[in-house]
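One letter stands for each residue in the lines below.
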Amino acid sequence: DAGVIQSPRHEVTEMGQEVTLRCKPISGHDYLFWYRQTMMRGLELLIYFNNNVPIDDSGMPEDRFSAKMPNASFSTLKIQPSEPRDSAVYFCASTQQASSGNTIYFGEGSWLTVV
Amino acid sequence: AQSVTQLGSHVSVSEGALVLLRCNYSSSVPPYLFWYVQYPNQGLQLLLKYTSAATLVKGINGFEAEFKKSETSFHLTKPSAHMSDAAEYFCAVSDQYTGRRALTFGSGTRLQVQP
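Chains as they are written, first to last, in the numbering used here: chain Z, 1 to 115; chain G, 1001 to 1115.
Be a bit skeptical, because a hint or two may be false.
[Unchecked claim] Partial selection, computed: residues in chain Z whose CB lies under 7 Å from chain G:
id	residue
1	Met-39
2	Gly-42
3	Leu-46
4	Tyr-48
5	Asp-63
6	Phe-65
7	Phe-74
8	Pro-81
9	Gly-101
10	Thr-103
11	Ile-104
12	Phe-106
13	Gly-107
Quick caveat, the hints were computed from the structure, so don't treat them as lab data. The C-beta atom is built at its ideal place from N, Cα and C for all residues, glycine as well.
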């Protein structure tokens, strides 16, 4: 089975540009998560969705960040305008609802560098 | 709020030696606990999880962990380290009672295996 698929895997962009990260969760999973990983702050939850509806976006840093899930098989995380401090690895993950003990599966990550 | 603390940001062992990575949780009720591994430039992969069944949990690659309520611990062990175990290891917690599905991660422990 295909895992969580993220694109792009690597992106280098200039400060002020818009960045869009994409995620396809595992088929049949109804929870989708966006995490950010940095050296300073470790792994942080940005936002998560259940059945395409945002449940908790308290981790979204500021208004420059937005996330959408237009359907069960696609989500985007957008940064506009991007800043150097947004440089990080962004992970998408998914799981099934049945239990909070269910395994959460992670994608390979999108490595973002803002110069 | 639930949290986990990983003692030791870096651990170095010799090949063939015991691996012990420490994780303590903070929760008013027994949580679900997870260990994930991250190899360089890759996503996170589940090693094992505790979901209120057996307190000694066996995972992939010869790793195991024991849930100790009295010590609020969930330490990860492997009897004999292999060079391929060099990676970063994350302990994580989720709440089995509130319905919140997201994982909260520890700060990670980087394992070095010396030949």
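For each hint, the structure was consulted:
| no. | hint | in the structure |
| --- | --- | --- |
| 1 | Met-39 | 10 Å, violated |
| 2 | Gly-42 | 5 Å, holds |
| 3 | Leu-46 | 10 Å, violated |
| 4 | Tyr-48 | 5 Å, holds |
| 5 | Asp-63 | 21 Å, violated |
| 6 | Phe-65 | 17 Å, violated |
| 7 | Phe-74 | 18 Å, violated |
| 8 | Pro-81 | 27 Å, violated |
| 9 | Gly-101 | 3 Å, holds |
| 10 | Thr-103 | 5 Å, holds |
| 11 | Ile-104 | 6 Å, holds |
| 12 | Phe-106 | 4 Å, holds |
| 13 | Gly-107 | 5 Å, holds |
Hints 1, 3, 5, 6, 7 and 8, counting from the list given before, are not met by this structure.
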